[in-house]
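Residue numbers (this note's numbering), protein chains in the order written: chain A, 1 to 211; chain B, 1001 to 1398.
Source of the hints: derived by calculation from the structure; they are not laboratory data. Cβ coordinates follow ideal geometry from the N, Cα and C atoms, glycine included. Some hints here could point you the wrong way.
[What the hints assert, rightly or not] Calculated Cβ distances over 12 Å to all of chain A for the following chain B residues:
{"id": "1", "residue": "1022"}
{"id": "2", "residue": "1063"}
{"id": "3", "residue": "1078"}
{"id": "4", "residue": "1163"}
{"id": "5", "residue": "1167"}
{"id": "6", "residue": "1176"}
{"id": "7", "residue": "1239"}
{"id": "8", "residue": "1257"}
{"id": "9", "residue": "1309"}
{"id": "10", "residue": "1317"}
{"id": "11", "residue": "1318"}
{"id": "12", "residue": "1319"}
{"id": "13", "residue": "1380"}
{"id": "14", "residue": "1384"}
[Claimed, not checked] Heads up, incomplete: computed chain A residues facing chain B, CB under 10 Å, no partners named:
{"id": "15", "residue": "57"}
{"id": "16", "residue": "80"}
{"id": "17", "residue": "83"}
{"id": "18", "residue": "88"}
{"id": "19", "residue": "95"}
{"id": "20", "residue": "97"}
{"id": "21", "residue": "104"}
{"id": "22", "residue": "108"}
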Amino acid sequence: MQLIHFFNIIPEPLSDSPGGGRIWRQNRVFFTGKNYVVQAGSGRGKTTLVNIIGGTRNDYRGDAFFDETNLREIAPDDFAEIRAMKISIMHQDLRLFSELTARQNIEMNPQNDKDALFIEKLADRLGILPQLDKPCGRMSLGQQQRVALIRALVRPFEWLLLDEPFSHLDAINAKIAMEIIAEIAKEREAGIIATSLGSTNMFNDFEMLEL
Amino acid sequence: MKKALFQKLLLSKNRPWQLRLAILGSGIGLCIMMLGVQLWVDVRTIMQDKEMLGRDFVVISKKITMLNTMAPRFSESEIQDLLNLNSIDDVGKFTPSRFKASMTMNAQLGGFGGQLFKSDLFFEAVPDRFIDIENSAWKWKPGDKNIPVIVPSEFIKQYNHAFASWQNMPVIPENLLKSIAFELEISGNEKTDQFKGSIAGFSNRIQAILVPENFMQYANNRYAPGGENAPTRLILHADNPAAPEVLNHLKENDFETAEEKIKEGKTRLLLEVVMLMVALLGAFIVALSMMGFLQYNQLLAYRSAYEIQTLHRLGYSQKAMIIPYFRFAARNLIITLLTAIILFALFEIGIIGLFSQSGFSLPLTGWPWSLACAVVAGLLMGWLSYRSIKNQVGRLAN
Chain A
1 MQLIHFFNII PEPLSDSPGG GRIWRQNRVF FTGKNYVVQA GSGRGKTTLV
51 NIIGGTRNDY RGDAFFDETN LREIAPDDFA EIRAMKISIM HQDLRLFSEL
101 TARQNIEMNP QNDKDALFIE KLADRLGILP QLDKPCGRMS LGQQQRVALI
151 RALVRPFEWL LLDEPFSHLD AINAKIAMEI IAEIAKEREA GIIATSLGST
201 NMFNDFEMLE L
Chain B
1001 MKKALFQKLL LSKNRPWQLR LAILGSGIGL CIMMLGVQLW VDVRTIMQDK
1051 EMLGRDFVVI SKKITMLNTM APRFSESEIQ DLLNLNSIDD VGKFTPSRFK
1101 ASMTMNAQLG GFGGQLFKSD LFFEAVPDRF IDIENSAWKW KPGDKNIPVI
1151 VPSEFIKQYN HAFASWQNMP VIPENLLKSI AFELEISGNE KTDQFKGSIA
1201 GFSNRIQAIL VPENFMQYAN NRYAPGGENA PTRLILHADN PAAPEVLNHL
1251 KENDFETAEE KIKEGKTRLL LEVVMLMVAL LGAFIVALSM MGFLQYNQLL
1301 AYRSAYEIQT LHRLGYSQKA MIIPYFRFAA RNLIITLLTA IILFALFEIG
1351 IIGLFSQSGF SLPLTGWPWS LACAVVAGLL MGWLSYRSIK NQVGRLAN
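Bound conformation, chain B alone (with noise of 0.2 Å):
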């Protein structure tokens, strides 16, 4: 009786039309703060879940011009410009192999007898640090007679959909290509030697068949010896390959580059800067609806003031008088939660169902860190408002 009779006396002044937009401009804040949050973390999701050569890796070579009779060559100081910048954490040197090869594939499969095709071949090497293959399979030492290789993905795709189709010839999954082995004969230097070569995997970044590193210079020394050794193309690792400064030393240089990785770059680079901004948005929403907040309970606090310093002289404590503003603060901040937190859910809801729409799946893993931001923010916001009530009940009570 007495507790209630406490209670209204210092909340009695509430006008609760503006708290409710109080709590709903918040709430739609804070809502946004979340979307931004979900969206920027799953954008990054999305441009990181990549293939093999992980998405940070572009490969450049020198401009073909009418002056060229042979292909241009990276010399050892444009490696180490390259180096230097910023954005480029590693430089890998592409080597060609200078020896004659050629593949034949036996067909046991699907009832052919016989060769299926034979094909000279050209491979290159990266050193190994630039291919993220999980596959034991993907080494060689000397004396081995079985060499891993790495094959373009488009390649596969072209056999399968162009070649074989027209030619009445049998289609190749790609699992089980990785099953079959095939000769290799390698010659030159006057000598020639049989290999079995197998799948170790597919790429979509390099475009060109990849053997070991080590097995490249064995070969290279063994049928060509003394050739040229500089790059004709180079593999770069980047924080980011379309930064400006990549891009101007790219052109300055006249080195080509495949367009649609920096494109890709480009669009990451804008989708998260547009998301950031929207978190960044909200966060602002959120601050300024706060402010509108912690003046509500100080302009609640005030209205009551004649209530606070006759309860403070009828002897009740300042500490006493906090609590039924903090609660009522408390109840309006977790109401404000909820309201972002089912705003959120319901458009999230609506977000799947758009992009399902157009046959685009989001990875969806960014809504914990949505709600961590939104828990961080009603924390910090708990904390403000105990702090500004303390003040403002501690400053009317004498």
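This is chain A alone, in the form it adopts within the complex (with noise of 0.2 Å):
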């Protein structure tokens, strides 16, 4: 999956505003191996966009293509099987399972392919090793956006999709997962595409794009 290629399109719920960035009602295409970071205010479509690329929203005008396919014509369960080999997403409210510890969230990935020790040395990094066997409900925000880091990184992915993925964290906790994530897209030789309401200073190396 080497192109992520947007045409015209524009969300349903935003089909009245006139775009004006350069994503919405645009021809961009996303290459592999690049990293981008979409910025723009509330209620422009920030998740929306992750969602479509995700599969899980087709209320859109235009059309989006992996390379030549396009994504309306993708079985809902064809496109599962697309998120499990090939997009991570971290989302916005996390998708968590409260009830589940941090490790068994992390291995409720249809496909691992990092094993236990790598986790634990992530965990560690990010600072919360010692939660590691806690249920996810009884974490603050903070470590359960830190626990949906990990889960979106030890799975195989072409594309990883970030929303929102430093809400949460304060600076230091922030750099640390950046320098972990940009670590790991590299060695997989993925692209990322991340979002962000407001400053993109974290985002080193990634080509800025507004709504």
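Assemble the dimeric complex from its two separately framed chains, guided by the hints.
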């Protein structure tokens, strides 16, 4: 999956707005191996963008393609297979199972290609190793965000979608998280599309796009 | 480990008590349906299991009033009217004998010598298609000296139980009687001939001594030519002799019939209707409790909507998520079926006990039908469950 191609896309809820940014109503190509950060205020459709690429929303005008394949032509279960193997998404609302422990949440990926030791090393670097066997429902939001990040990184992917990945992290933890993301994405030769509400200072070597 | 977590996430919102009640309700409904089907089939079997002249034959005659001096006869148009009724398939005429006949039975029985008894007789005949007798002896062709007859079994009973014991005569079992030949003397039109008679069977239904119809025609022509041919009695073949259409027609035309037959027909109809109602009631309860089942499955999935959506976003297919729900539903259906079958078996044992206490035995041939109905209901339910779970998971996943 080399390219993600957006052609004149506008989400239905935003169909009254004129566009004017660099994605909505534009001809926009995302290249694999490159990193993009999409910056916009609230209600401009950042999460919608992630969900369109993730295949869980199709209420938009225009067309989106993975290489030559129109996203509208991919059946729900085929899209699930694509998510399992090629697209890893860290959702803004984290999407953890609160009654499961952090470790169990991470193991709930359909496929993981990193072992338990690797997971523990990441947890250690992010400062949540002691919490790894605690139910996620009893963790702070910041801790939960780091669990969701680990879950998104230890599975195979060609594209990594990060929806406001640092919204609950302090500057130090955000910096560590960014280092880890860059390392693993580089190792996997994957492209990254991240969204950010405010400053994009954290995102070095990312192409900045406004919606 | 991961599979267990996957199932736990999807099925964790189960409410065991709601489920147990749903299973019990469906089990009882299925059991009632099975009992209804069983009794319905059994009642039909009992009613069909009747003697020689089958269950749907009725003999009718015209009412005798003060105005009749001769037995009233049926005209062709009256016969045609009967045939025009939907419930009546066939009408046969009784042909009475117009000749004189007497029988003599020689007793090589029980040590008696000489004549046992001598009696004048009166014969009737009906078309062969109204006689349901599996006996090759029931036939006659011109030149045969042997005449087969069918005798009312009541006749033999009266002889054995009343006459023979009172007169100190030997009793004769039906089987033995069949093997005895007797002398028949037939006369009329200034002719007298000797024949042999033998009993081909016994009828509970037709209260007449029957001979083959072709013999009757031959003998009437030979010994009493030119007599009246219109019948005084008719035999009807009806789907149900107690059908209102038939009863009304008989009443309007002052035709008489053996009350017992009609009563039996009415009882049968009533029983069949009652059992059918029981089966339908059971099916209705099954349908209602099945709806409960389907809704329970949907609710179970609905309570895990977040888990379904999240797992789908992580990359699990809807197909994979349907499996635990369908397995769960199938397991519950099997438990329901087993509950119904156990209840049914208990009832069955109870019913056999009840009936045998009152000296009556049910044929119990209906239970395979009950089982088949239950299995069909189970399969239908499985299919409906699969469809509704598939739709529900599809709705919740995105």
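Checked hints:
Distance check on residue 1022(B): its Cβ is at least 26 Å (rounded) from any Cβ of chain A, clearing the 12 Å threshold; non-interface status holds. Non-interface status of residue 1063(B) relative to chain A is upheld: no Cβ of that chain comes within 12 Å, the nearest being about 80 Å off. For residue 1078(B), the shortest C-beta to C-beta distance to chain A comes to about 74 Å, beyond the 12 Å cut-off, and the non-interface label holds. At the 12 Å boundary, the C-beta of residue 1163(B) stays outside the reach of chain A, the nearest C-beta of that chain being 88 Å off.
With a least beta-carbon separation of about 93 Å from chain A, residue 1167(B) lies farther than 12 Å from that chain, consistent with its non-interface assignment. Consistency note on residue 1176(B): stated as away from chain A, and its beta-carbon is indeed over 12 Å from all of that chain's, at 81 Å minimum. For residue 1239(B), the requirement that its beta carbon stay farther than 12 Å from each beta carbon of chain A is met, with the minimum near 56 Å. Distance to chain A confirms residue 1257(B) as a non-interface residue, since its nearest Cβ pair spans about 71 Å, more than 12 Å.
Annotated as non-interface, residue 1309(B) brings its C-beta within 12 Å of a C-beta of chain A; the closest such distance is 8 Å. With a minimum CB-CB distance of about 4 Å to chain A, residue 1317(B) fails to clear the 12 Å threshold, and the non-interface call is violated. Distance check for residue 1318(B) against chain A: the nearest CB is about 6 Å away, which does not clear 12 Å, and the non-interface claim fails. Its closest Cβ contact with chain A, about 6 Å, brings residue 1319(B) to no more than 12 Å, contrary to its assignment away from the interface.
For residue 1380(B), the condition that its CB be more than 12 Å from all CB atoms of chain A holds, with the nearest at approximately 27 Å. Here residue 1384(B) stays apart from chain A, with its beta-carbon at least about 22 Å from theirs, past the 12 Å limit. A distance limit of 10 Å between C-beta atoms decides the matter here; for residue 57(A) the minimum to chain B is near 8 Å, and the interface restraint holds. The interface hint given for residue 80(A) is met, as the beta carbon of that residue sits about 5 Å from the closest beta carbon of chain B, less than 10 Å.
Hint on residue 83(A) holds. Least Cβ distance to chain B is approximately 4 Å, under the 10 Å limit. Here the hint on residue 88(A) is kept, as its CB sits about 9 Å from the closest CB of chain B, short of 10 Å. Among the interface hints, the one on residue 95(A) holds; its C-beta lies about 5 Å from the nearest C-beta in chain B, closer than the 10 Å criterion. Against a cut-off of 10 Å between C-beta atoms, the interface hint on residue 97(A) holds, since the closest Cβ of chain B lies about 6 Å away.
Hint status for residue 104(A) relative to chain B: holds, with the closest Cβ pair at about 6 Å, below 10 Å. Given hint, residue 108(A) at the interface with chain B, holds; its Cβ is 6 Å from that chain's nearest Cβ, closer than 10 Å.
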